[in-house]
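*Asks:* Chains as they are written, first to last, in the numbering used here: chain A, 327 to 553; chain B, 327 to 553; chain C, 327 to 553; chain D, 327 to 553; chain E, 327 to 553; chain F, 327 to 553.
Read the hints as simulated data drawn from the structure, not as lab findings. Here a beta-carbon is modelled for each residue, glycine too, at the ideal position from N, C-alpha and C. A portion of the hints provided could be inaccurate.
[As the list claims (entries may be wrong)] What follows is a set of in silico ranges between Cβ atoms, one per label pair, in the way DEER data are often shown:
no., chain 1, residue 1, chain 2, residue 2, range
1, B, G548, F, D536, 29 to 39 angstroms
2, D, V532, A, A515, 38 to 48 angstroms
3, F, E542, C, R541, 24 to 34 angstroms
4, D, N520, E, K539, 51 to 61 angstroms
5, E, P543, B, A375, 36 to 46 angstroms
[Said to hold, decoys possible] Keeping only pairs whose Cα atoms sit at most 25 angstroms apart, straight-line, the calculated DSS-like set for lysine-lysine is:
no., chain 1, residue 1, chain 2, residue 2
6, C, K539, A, K431
7, C, K469, C, K431
8, B, K469, F, K546
9, A, K469, F, K350
10, F, K524, F, K469
11, E, K448, C, K469
12, A, K539, D, K524
13, F, K448, C, K546
14, A, K431, C, K527
15, B, K524, C, K546
16, C, K539, C, K524
17, E, K469, F, K546
18, D, K527, D, K539
19, E, K448, F, K350
20, A, K546, D, K546
21, D, K524, F, K448
22, D, K469, B, K546
23, B, K527, B, K539
Take a look at the letters that make up each chain.
Protein chains: 6
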Amino acid sequence: MYELGVVHRNIQRTEAAIADALGKFGSATVHEAMGRVGLMATYMRPIYAGAQVSGTAVTVLLHPGDNWMMHVVAEQIRPGDIVVAAITAPCTDGYFGDLLATSFKARGARALVIDAGVRDVKTLTEMQFPVWSKAISSKGTIKATIGSVNVPVVCADALVHPGDVIVADDDGVVCVPRAMAQRTLDAAAAREANEGEKRQKLASGVLGLDMYKMREPLEKAGLRYID
Amino acid sequence: MYELGVVHRNIQRTEAAIADALGKFGSATVHEAMGRVGLMATYMRPIYAGAQVSGTAVTVLLHPGDNWMMHVVAEQIRPGDIVVAAITAPCTDGYFGDLLATSFKARGARALVIDAGVRDVKTLTEMQFPVWSKAISSKGTIKATIGSVNVPVVCADALVHPGDVIVADDDGVVCVPRAMAQRTLDAAAAREANEGEKRQKLASGVLGLDMYKMREPLEKAGLRYID
Amino acid sequence: MYELGVVHRNIQRTEAAIADALGKFGSATVHEAMGRVGLMATYMRPIYAGAQVSGTAVTVLLHPGDNWMMHVVAEQIRPGDIVVAAITAPCTDGYFGDLLATSFKARGARALVIDAGVRDVKTLTEMQFPVWSKAISSKGTIKATIGSVNVPVVCADALVHPGDVIVADDDGVVCVPRAMAQRTLDAAAAREANEGEKRQKLASGVLGLDMYKMREPLEKAGLRYID
Amino acid sequence: MYELGVVHRNIQRTEAAIADALGKFGSATVHEAMGRVGLMATYMRPIYAGAQVSGTAVTVLLHPGDNWMMHVVAEQIRPGDIVVAAITAPCTDGYFGDLLATSFKARGARALVIDAGVRDVKTLTEMQFPVWSKAISSKGTIKATIGSVNVPVVCADALVHPGDVIVADDDGVVCVPRAMAQRTLDAAAAREANEGEKRQKLASGVLGLDMYKMREPLEKAGLRYID
Amino acid sequence: MYELGVVHRNIQRTEAAIADALGKFGSATVHEAMGRVGLMATYMRPIYAGAQVSGTAVTVLLHPGDNWMMHVVAEQIRPGDIVVAAITAPCTDGYFGDLLATSFKARGARALVIDAGVRDVKTLTEMQFPVWSKAISSKGTIKATIGSVNVPVVCADALVHPGDVIVADDDGVVCVPRAMAQRTLDAAAAREANEGEKRQKLASGVLGLDMYKMREPLEKAGLRYID
Amino acid sequence: MYELGVVHRNIQRTEAAIADALGKFGSATVHEAMGRVGLMATYMRPIYAGAQVSGTAVTVLLHPGDNWMMHVVAEQIRPGDIVVAAITAPCTDGYFGDLLATSFKARGARALVIDAGVRDVKTLTEMQFPVWSKAISSKGTIKATIGSVNVPVVCADALVHPGDVIVADDDGVVCVPRAMAQRTLDAAAAREANEGEKRQKLASGVLGLDMYKMREPLEKAGLRYID
């Protein structure tokens, strides 16, 4: 790890069917299904509302104010991938705009997740190329220092290995390690199986207190009602 | 105050007609009418633009990362209420999602105001169930520790008693104490009475300097014009 | 500088044709064309998405929680201006709402850029009067202390002189000094001249690595590929 | 509540013996003894390390950038009091310096707790007049708008009534409501009673796992050891 | 302004006697004497307590993560100067450590004021070379892009021209423009002239309410006392 | 990775001689020697100034507001270790106080690095048990949910594996992966070898411009001097 100046060309991607299936559940369900780990910091926000995607991670490690490696990672993108960009120190510069988005899209990328800034958000919205970022910034970057592609990275508090599954929507971004992907998918499916029934009950006025049988444990925990 | 493990079932709600009428003025006018107090911190943002609501507060005090009491407060909701959720320490976890929203809505709640995170925002937006929160987060919560319902709470810098009026819109969230509700309503109405006329004058090019007769006090305060 | 209590009535505005032309390029291109300076802090966000404007700056320096000078600056607005409001200490209060917007618009202002809060954002959105601000807040302000109009100000990290050009869009806000406006316009035009061609190439799958001939310098910098 | 322009001269202070005794336990123990409520935000920091005080609260509500009421509250201070200053909107200005500290000290105040800024910290340190504040700032304030003295205030997330007990040290600031003071004192004393013995055991190498008999509940919760 | 790649060798420094005299008053008094402008953001903190300095500004504009120009500015330092370092985008990297401090000190610099990070703070403290900074960070910087020396810069919200006076102490950092230096010094001296007498009165228990004759204006403003 | 409910008892620690030797260089030199990676966020601050330590990491993953696993990790500490505590979501609660410090110290721990809060800082300072933390907070924690010990964790933006070397001082905290420890030590030693000579030169007035032969590259980069 911390290999600088290295591009790994061969990575083991999570099976596409699994990566795609995870996306349908959304980040909240997937995060629960994982045991409540793997979530990126809540400052990671989508540049427009409504996008919900999943894909396999290709990672890139960049230096503050330097987006040179974005062009290097572009070559490593395969259809179905999501680029995850980490920076070696906090930075809000706009590393990514409409030209790079055009290139990423042409390579088959589904989204960008970047722990820094992005620009040309109006055009990116028109292109419907979703980005989750820490900031929106007009500030451009230089191309002076090399970083790495497809090494493990820490992006917005989450550890991401190349080939992991990224699930992102309006609620945030989750990373599912490749080795946990199948089992997380199963757990997510199990969670959702009876959600429809629950929703119907709650909509009819049944209380969670009764549906989940919470009255007794609450009383045991000492809850008192006062009239 | 600071009663832990207590649910007050009988609270004195502000009269519905007053609570409803306050909502029409919006948070900025109501906040002015109160003498510029009672405003929640500006980090409280709506999950979607355009919602404008008012209602009577039912309050819930929760612990960080624990949403057990959300189910307890659900039972205390009456039509026209807004749930105000405070946490005993800073937390951005997603305490509330589409299932709880379904339940709250079925009970007659008009909105949730929470000094923490919320999730399933896409679904909440489709349901048109408005939420004002500090964060959006996929992170779920546990159900291990009891808090309280319908005790006074500090939510995002504002003190809220059960039965107070909450007014929330794109500009923010204001709490009007029950004892001040009628007088605040009167003051708000008085404020707005001549706004239409003012707006027309300003639109026609009349300056606030003249309309509000500010030139003399400004000169007295020492303002100098330089050509 | 730091003249308090002064209103400069005669300022040298950048030529309207130049100010207007700069707006078409957007803040990111203009910022690059300036050599990556002049950008306001990324916390300056538009109250609604999609606005893209440029204009000549009239500046106002206000005190925390006091918007008296907003009425003074209104008189100095000419068609094509953008008001740039700076505060002498950090403040999130709502200095500006629909009445002032009506007045500013009637005077010909195109936008407000304020390093503080704004309110009535729903109405401002309906009026399509764009504002870039640090916060949205219902909190009103008093009218007790005089500041200055059309003095140099520091607004959200950027130095703005009256008559400079402001370019603002979804990516942020840039200030172009009057003396640099023509040359920045030329540089921006040059930058964009061949963007269309580049975009087409990238869309067809050509990599930036090849288009920008980066492979050799990357290799020289030590980049290694591992299979 | 939210009375503006009011000074309450007669408040019910917690008994001095209780207020003093609570201070000896420090904020962490007192906070635990209260059931983990009443703590101010962690951004409240002492201007110098090592101070540990308690006292009865006299409260003051001020407006952003305006310290007029600091002179009003000074008259209401009695020996053993701690002044708790809240602001109606976020502000970092320096409301308090060496002259006011001289006055407060002469009146018998033990400390200032302020949800804003303070200045002259070098002199205050030499005077050994402790202050817990959100910021340190040279910025002075005006005297234009009246607030209130001895009304309930929200200070750094905590609700403080006049006469409550404030306990402050390097770990933070806690407010103990008057009605809970005796029982909190008892609980704090009970907590500390066997701390010495525990400390000795732990120092000798006994593990908390054994001392608190945690091994069984941890195993029940599913904890697995892997060699 | 915004000249990039330029070093101004000849700047007009404020007279040394004035710069030195201002330092004796400290940042709070000087800031008041200026009319409450010119203060840097409160996030600018000294790396150790107790330092109080003043001097003439030599300025340097750097790029994020790049400290090359620190070596360029070193040559422009004259005895009695304070280096003011601004960055073109937010950055917390450690631009400055013990080697540069040794060089700056040898050139006669009294302090560094930097809107970014600093490192080797233990050694700097031992050397008693004071630094006011936004952050402390081990992160080093590269030397790839040129900036400017002795151009006007915006540092932590304050506009600083080369030759201005910097006054820094535990309360913060103020910049006094050269043209205002003499008059600010006079105003500061006037402010302090009768502070000793005031302090003595307050120490003896006289209230500010009486000393400043505030009772009448407070009553006029509507302040009411309740027993 | 992300094993929840697991305690790894056998970890491969970096050789003690290497871990100890790295500490002598301090975090800035070590961070440079690693190629400028591995640094924790700058919000991680020591609770008292002057501590400089290194040691082998034992890691613990905790839930927000829950310090149960702190007792579990205590048993895994061996002399020379530093405990690195990560939380699954942002939290400022005080997870650690004087009792746990007594236990950790008895087990041979040299320090705690925690991405959350700590309390009893006065006692910890007297004990000279150093802690680097995100916050200081009186707020206690519960013991309800199990996490993990000696799994890889993300702590304050840095990835830490059990057995890695932690170097911490007033400048911050760096994690050196076990596999890089020897080579980082060599690089750090090489960096410092000629620092003494450099320091002497700079102290005598030689400029970095000359010592590092920067004049020519600066000129090539376009730097212009103006008299």
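*Asks:* Checking one constraint from the list: CA of C/K469 to CA of C/K431, max 25 angstroms. Satisfied?
*Replies:* Status holds; Cα separation ~21 angstroms.
*Asks:* Please verify whether D/K527 and D/K539 have alpha carbons no more than 25 angstroms apart.
*Replies:* Holds - the C-alpha atoms of D/K539 and D/K527 are around 14 angstroms apart, at most 25 angstroms.
*Asks:* For the pair supplied as a hint, C/K539 and C/K524, is the alpha-carbon distance within the 25 angstroms limit?
*Replies:* Roughly 13 angstroms between the alpha carbons, so the hint for C/K539 and C/K524 holds.
*Asks:* Given the hinted pair E/K448 and C/K469, is their Cα-Cα distance within 25 angstroms?
*Replies:* violated, 47 angstroms
*Asks:* Decide if the proposed pair is consistent with the structure: C/K539 and A/K431, CA atoms, cutoff 25 angstroms inclusive.
*Replies:* holds, 20 angstroms
*Asks:* Hint check: A/K539 vs D/K524, CA-CA at most 25 angstroms. Holds or violated?
*Replies:* Judged against 25 angstroms, a Cα distance of about 39 angstroms means the pair is violated.
*Asks:* Starting from D/K469, check that the Cα of B/K546 is at most 25 angstroms away, please.
*Replies:* This hinted pair holds, its Cα atoms lying about 18 angstroms apart.
*Asks:* That 36 to 46 angstroms hint for E/P543 and B/A375 (C-beta), does it hold up?
*Replies:* Taking Cβ atoms as reference, E/P543 and B/A375 lie about 44 angstroms apart, which means the hint holds.
*Asks:* Please work out if A/K431 and C/K527 have their alpha carbons no farther apart than 25 angstroms.
*Replies:* Satisfied, since the Cα-Cα distance of roughly 12 angstroms is no more than 25 angstroms.
*Asks:* Keeping to a limit of 25 angstroms between CA atoms, is the pair of B/K524 and C/K546 held or broken?
*Replies:* violated, 68 angstroms
*Asks:* Would the hint linking B/K527 and B/K539 be met if the CA-CA limit is 25 angstroms?
*Replies:* Within the cut-off at roughly 14 angstroms; holds.
*Asks:* Compare the distance between the alpha carbons of E/K469 and F/K546 with 25 angstroms, and conclude whether the hinted pair is satisfied.
*Replies:* holds, 13 angstroms
Taken one by one, the earlier hints fail for this structure at numbers 1, 8, 9, 10, 11, 12, 13 and 15, listed in ascending order.
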